[in-house]
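There are 2 protein chains.
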Amino acid sequence: MSQAIHAILFDLDGVITDTAEYHYRAWQELADAEGIPFDRSANEKLRGVSRRESLRLLLNGRTITPEQEEAWLARKNRRYQELLQQLTPADLLPGVAALLDEIRQAGLKTAIVSASHNTPTVLDRLQIADRFDVVIAGPEANAGPGRNRPKPAPDLFLLAAERLGVAPWACLVVEDAESGVEGARQAGMVTVGLGPTERVGAADLVLPNLAGVTLAQLLYAATWSVAEPGFDPAQQRRWESALTIGNGMLGTRGSLEERFPGDQPSTLIHGLWDDAPIVYTELANAFDWTAFDLWSDGEAFRMDRGAVTLYSRRLDLHSGELRRHLYWTTPTGATVQISFRRIASLADPHGVGVRLEVTPLDRPVQVRVRARIDGVVENEGLLHWRNLQQGYDGAIVYLCGETRRTHKTLVEAMTVRQEGVTAPAHYHDAPYNPAFEMTQTLAVHQSWAVEKLVAIVTDRNVDDPLAMARAKAAELGKGGYAALFTSAKAALAEFWAESDVIIEGDDAAQRGVRHGLYQLRIAAAQDERVSIAAKSLSGFGYRGHAFWDTETFILPFFTFTQPALARNLLMYRWHTIEGARKKARENGYAGAQYPWESAETGEEVTPRWVPGPNGEELIRIWCGDIELHITADIAYAIVQYWRMTGDDEFMAGAGAQIILETARFWESRAEPDRPTPGRYSISDVIGPDEYHEHVDNNAFTNAMAAWHLRTAGEVLAWLHTYAPTRAAHLEKMLDLSRERLVRWRTIADNLVFLRDSRTGLIEQFEGFFQRKEVDWPAFANRTKSMQALLGIEGANEHQVLKQPDVLLLFALLPQHFSDADLRVNWDYYSPRTDHTYGSSLGPAVHAWLACRLGMPEEAYTHFMRAALVDIEDVRGNAAEGIHAASAGGVWQALVFGFAGLHWTEAGEVAVKPQLPSHWRRLAFNVQVRGKRHAFDLRREDAVKS
Amino acid sequence: MSQAIHAILFDLDGVITDTAEYHYRAWQELADAEGIPFDRSANEKLRGVSRRESLRLLLNGRTITPEQEEAWLARKNRRYQELLQQLTPADLLPGVAALLDEIRQAGLKTAIVSASHNTPTVLDRLQIADRFDVVIAGPEANAGPGRNRPKPAPDLFLLAAERLGVAPWACLVVEDAESGVEGARQAGMVTVGLGPTERVGAADLVLPNLAGVTLAQLLYAATWSVAEPGFDPAQQRRWESALTIGNGMLGTRGSLEERFPGDQPSTLIHGLWDDAPIVYTELANAFDWTAFDLWSDGEAFRMDRGAVTLYSRRLDLHSGELRRHLYWTTPTGATVQISFRRIASLADPHGVGVRLEVTPLDRPVQVRVRARIDGVVENEGLLHWRNLQQGYDGAIVYLCGETRRTHKTLVEAMTVRQEGVTAPAHYHDAPYNPAFEMTQTLAVHQSWAVEKLVAIVTDRNVDDPLAMARAKAAELGKGGYAALFTSAKAALAEFWAESDVIIEGDDAAQRGVRHGLYQLRIAAAQDERVSIAAKSLSGFGYRGHAFWDTETFILPFFTFTQPALARNLLMYRWHTIEGARKKARENGYAGAQYPWESAETGEEVTPRWVPGPNGEELIRIWCGDIELHITADIAYAIVQYWRMTGDDEFMAGAGAQIILETARFWESRAEPDRPTPGRYSISDVIGPDEYHEHVDNNAFTNAMAAWHLRTAGEVLAWLHTYAPTRAAHLEKMLDLSRERLVRWRTIADNLVFLRDSRTGLIEQFEGFFQRKEVDWPAFANRTKSMQALLGIEGANEHQVLKQPDVLLLFALLPQHFSDADLRVNWDYYSPRTDHTYGSSLGPAVHAWLACRLGMPEEAYTHFMRAALVDIEDVRGNAAEGIHAASAGGVWQALVFGFAGLHWTEAGEVAVKPQLPSHWRRLAFNVQVRGKRHAFDLRREDAVKS
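Protein sequence lines correspond, in order, to chains A and B. Everything in the first sequence is counted per the numbering used here, starting at 16 for the first residue and increasing by one. Everything in the second sequence is counted per the numbering used here, starting at 16 for the first residue and increasing by one.
Among the hints, erroneous ones may be present.
Claimed, not checked - Computed far set for chain B versus chain A, every beta-carbon distance over 10 Å:
#1 Asn402
#2 Pro626
#3 Trp791
Claimed, not checked - Computed footprint of chain B on chain A; a stretch qualifies when at least three of its residues, placed anywhere within it, have a C-beta under 8 Å from a C-beta of chain B:
#4 384-396
#5 781-789
Bear in mind the hints are in silico, worked out from the structure with no lab data behind them. Backbone N, C-alpha and C define an ideal beta-carbon position, used for all residues, glycine too.
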């Protein structure tokens, strides 16, 4: 795995041994002798600080002569070294010896990274000098620029990594000091902080000390972030997707602030639709709020200019912050340390921030910085903005624009703050690119931070978005980046408290799961009029359109852990039902038929034709015409939400009406079967397996339609009890006569469903078993989908599935089928499915069902295809955006599959775990009817069950 | 007509009477009395200059006291007024009295615009005071800003126009002074200069004096420019097209320098292709070199901000300069005079310039100016540029970029020059928008001119376009705008000397013809690898693709007047023949089949599908598949060029080979007719009338194919004589056996051609006469094409033509048909043709043939539809670009139609004029085999013939 840790770097004082106590005693003796007030609490400030700086802190403003200073430092150190002689191996802190043994066993490298020149003595006395591959004992004068500063600079950590021959992102640092944690973070390393959260809370993982701590526990710190493993120009697009941040209103891809050739910066905002050729409508890429230019002695910074000698980028899943740290040597040879941090907070849909910090490492440098709002943004070459207007009011610059065809207004307003030094911020009124520009000459090791705080407002939010954006920018300027960061971290902490899933024993899986859940959360809006797109807000794939992905794959996660967000997503279908009515009407059917792809209005926006691979021929896309099952999938999601939450008010309102109106569609769509009177067919459809078009009586479609028609009757019956007036109103409005309800039941009971009653095998559609078989071994080493290899017609003629179709029924309607049936159908369909390059919706479902069949190891193979799809770019298409449905499927595979969440006969929620053998723990919460159920499954339990 | 002149404004001195002589005598007496050297030649400088300024010039550096100055001025004026008393009506200059009578008769308004306060006295003495609607006798102190400055300011002319109630662009000024001509031009008026060209050469028309001059002669001055009649935001797109300027390498639409909402700035450069969806390839809109921003006291200038109280824009066809003059009052109330001039020179494909001049009119103003190269350019929302890089080297700023898919490089480099005052020019490095910025505080009436000179170079021109662009920009900076202007005017003068067509008696027609010829000329490159697109380089319509429009409609103009350019255009087909071979091969035919739409390679680039009017349905475009006749049209143009020029070298090289290779296509395409052995058919085609698709044996296609096959044999025979080795080589390479040549002849003689031998009526294609008739009266007031009204299928089912099809044969192959046949077919087809909203190619052909039929008045109706198609936006689609083929057709209608150019039996070129009754003169040149034939047809001749 590209994210694995290969080396552990330990601080010495307070981590390996308690030399901190000896330091304290030596300082205390000096202070007492000189009559300076000092105590243990004052000593806290000296943790991780150099000797000379410690003396300064101890003096607390008193002045002494340089000669005195040298003498006092020597006295303190002499005393400290005397005390050190008392050290023995028994002074190793609890847990250290065992941990070092375990690390050596595991083959990871180790280093000591200490500020103290006494380190060799200490290690000798402790008799552990041979346990470390590298020992850094304080700054080394000749280590060179970027390698010779004390903590909190990253230098000593980078020096250690260099000597270990391990990349910074593969290092984990154990520290007890705030400055050490900060230095390690700036080095791009994973951090474990020992001690109270007030001190080391910025670390990825906080432990009280190392007593009883295992290597696995340390490494688990790395599951809270996703690191880009080195800078590879060819991989930028896929990392842009994976490193997307957001706040529920917008998503911003992880493109570089200063740009890079071939990049694809994008900020997609919920509801900001504009018309586009072929795809009808798409989310207009919003002005790039991340744009930040930097010149060092006049040389423009870019990753492909000069030389980058440190590079680390990491998305922190605790805070949603994306951090980049690097050392850049300009073409003329000056080296500067540059860090970019960006943040979007779930608590603040309208505020985002970028923080740039620059430090010259080897010579004074004139630094120029330009913080821009870039209005020259595009959707893969298409422009959506017009009437761009910009301005500056003394403190804030802003850019307004209007979508070309839908005339929606977007405003971004920016203010800047500085730290370290402060340069005048000049307005730079470049066309389409209003900016602040600042110039500063920095001494060696002098740091300058520029924070860019941007308010983003559309006319969906308020009548006067410009006024709101300016007010908001002013407010952001007061709190600065730190306030945004704190708010973001707090909001995510609340989310994780409810929605995290803990996996122990499999850090790659844990990281993948958390990354997916983070991506889902930031895509979900506090807004009933938008849904979650197939690629969330993280890329241009599928143009921001919503599919059944939302209801069938993503929604359960929200329904079970964030029901308020689930309700918003279902209300989106209610607000767009007029589009569904129109589609039914235009197709000659009754009721409401939901579109295969949905955007602002609920009208069908599936492209009818798309250019083929050679760019010339057009391919007809039939999904918008005949992929019908989404209408039942939405009804299913409503009922699931209702049953889990008990939200009767929703059900009596929007929920029941959607179910009943869409049931009328199925009634009108089902065709009385001519050869077999009394039977009903649904012909000419596409099922979930889209390799097969224009098929008759697709098992999934028919079973879901039958479920829908039956459930509609049950919902109406419930409504009569719960809200009789509403029931009567709907009956009248939708013409729900007794005869009609009987007809629904009749159709449901008589819809063709091709199950062999002898074997239990279900035929995916009429004639599927007559299609040709694929010579699978011939395709063993493929890197493309079976459809790409066989052609559209070729795949259609074969028994090859893009994704589970019959099998999905066993996941959604388990009560309808026996486990024996599942086994029979699994054995038939799973080997005929394009698991690797078919639909990304498939693997999670296979994982879930493999657990049902008691095959957790096989489940695991499928599961990891889904859990790593974006971080490891398993399918090679992460560049187009996050696989949101896969992330939702991963949650279902964990909870319904590996944990086996189900309802007992008594209606109680229960689990039946089936964990892969290397998983030690699986823990999560679900909310059922407002009650929170926490499940904490340990390996032992799993074995037991 | 929107361009008509409604008022004539006369200067007094030197125009109406010779008061100039009295001024001279008064000054001379003063000079003699004071002992100052002065004579008639020194007096020349005083022409049109105020009294006080005249004294200054007379003093020539001497100083006198203010008291002396006042006394001398009074003395001179007293003496002058005494002299004036000698004036009588006999002092009216020759021709003036008759001209004033004629103007009054014609109902036009008149004014005197004189610098002299003595004007009323003069008019009284001349007894013509009552002949003028308005008299301006020098600046009036209380006339207000922009109305009170002496010439060369436009003020007095604008004051007169205001008092006459006539818009400036409808005024014509007669002046004898340079300053008067300049003032009138700045007022946006048409100018007639009296006197030597050195003095009044900037005028639209120069006459020695008014002796014998008619109103018509004066008004003719207005045929040398096209004026935008007032600023109408809704009409901007169409004026952008009509006011396109260019230099044979590039065309730049007349969008406003400072931009306007909804505008479409574009600079299209020959050969700068980039791929695009649906249309395969299009000319990538180049960086906007016109971009110029202006702030007055911090207020950004735009036409929709503040108030514009003068607006005039005019494209000068003498120089190709586009001028805009305006008065702008800022939102805070300061008024400035602004003029923009832009130029591209036919003598300089890489240099262009814009000149901005600003003058505060009522208060001092701080003016900021920004001259940009705008890289944020688009093709109707599509972006073509990437890797934009910009820089500044102390004197020049530049922008480089690369097309996204074809990787062609474009560089634009800019320098600036100033006049009046000079402010430091700062580099403004806005992203994608490198600029120079200058700020200057101007006193009232102080003028500041900023010239922006831009070099435009692509990697089609040189290996290192950046180096060349920088060198070129430096060179442009030396000569400045004036040098570019002079070069442009000189180059166009050469063009007009060869290619102008003079029409007297119809200024609207004259202007339309000149505008069209100018547009054709600037579209023709000194480059064999490009053609002329359907919309030239003036708009995005048809994406820069070349059609048969070039060979059939445009080429004759060049063949007959600019044969070197014609040769380039034909060589384009030679260089792209590989694409034609590929098309034939892929369609299963032999030889070469030219594409219906052609771009860089000659491969077919007709879009196969285009979005329908509602944006959802796709419409299949069949022209690229089955509109075949273009292959014969190209052969026809080659033969016409060869016969007219005698360019045997071309014919023996590219010409013959194209004709022979394409003949092989026709041979393989013709189908032996099964029911009638011995006959040949060409089925499933589209003829010129594109309302009918998939037709069999289209008369035009078959006749042109037969002509082509016959001519190919003749060409080969000629080649055997002229270049036997070449002939043998081609015979071998193309397998031109004797049998094959016989077969060509057989096919040519036996291709189906549905002519009724009894009536001479030709059926457009098989079954045309069975199609339904249109109820024409029902469509009398339509504003859309018949196809738009009937639908694609509907039009196909009716006998309605988009454009001449059978009739075009009579134009191209007159020797094949009798006049009686023409009459029969005209009577049948003309009433069934969509003249108004069908193809814009049609009217000129109908004009031409109507002349052949002796119907010049009917011809004229058709002719004007073509001649005014862009200036008057006759078809409502001028916004998409110039109708280049229509302009070419206009020339053919004039020369082949109205003039009746033809060859006598003896092979001599001759005319047979048929002029509309109100035309007094039609004059033009043609070159035949290197010899220039000048034709000057007068009404009298026309009547005689």
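Report task. Go check the stretch 384-396 of chain A versus chain B for me, would you? Three or more residues, Cβ under 8 Å, otherwise it fails. Result -> Three-residue rule met by the stretch 384-396 of chain A, so holds; n is 5.
Query - Minimum Cβ distance from asparagine 402 of chain B to chain A greater than 10 Å, as the annotation requires - result: Nearest chain A Cβ is 6 Å from asparagine 402 of chain B, so the label is violated.
**Report entry** Interface exclusion of proline 626 of chain B relative to chain A, criterion Cβ beyond 10 Å
**Finding:** Given that some Cβ of chain A is not farther than 10 Å from that of proline 626 of chain B, nearest at about 7 Å, it is violated.
Report task. Count the residues of the stretch 781-789 of chain A whose CB lies closer than 8 Å to any CB of chain B, then report whether that count reaches three. Result -> violated (count 0)
**Report entry** Closest CB of chain A to the CB of tryptophan 791 of chain B still more than 10 Å away
**Finding:** At about 36 Å from chain A, tryptophan 791 of chain B clears the 10 Å cut-off, so the statement holds.
In this structure, the hints that do not hold are numbers 1, 2 and 5, in rising order.
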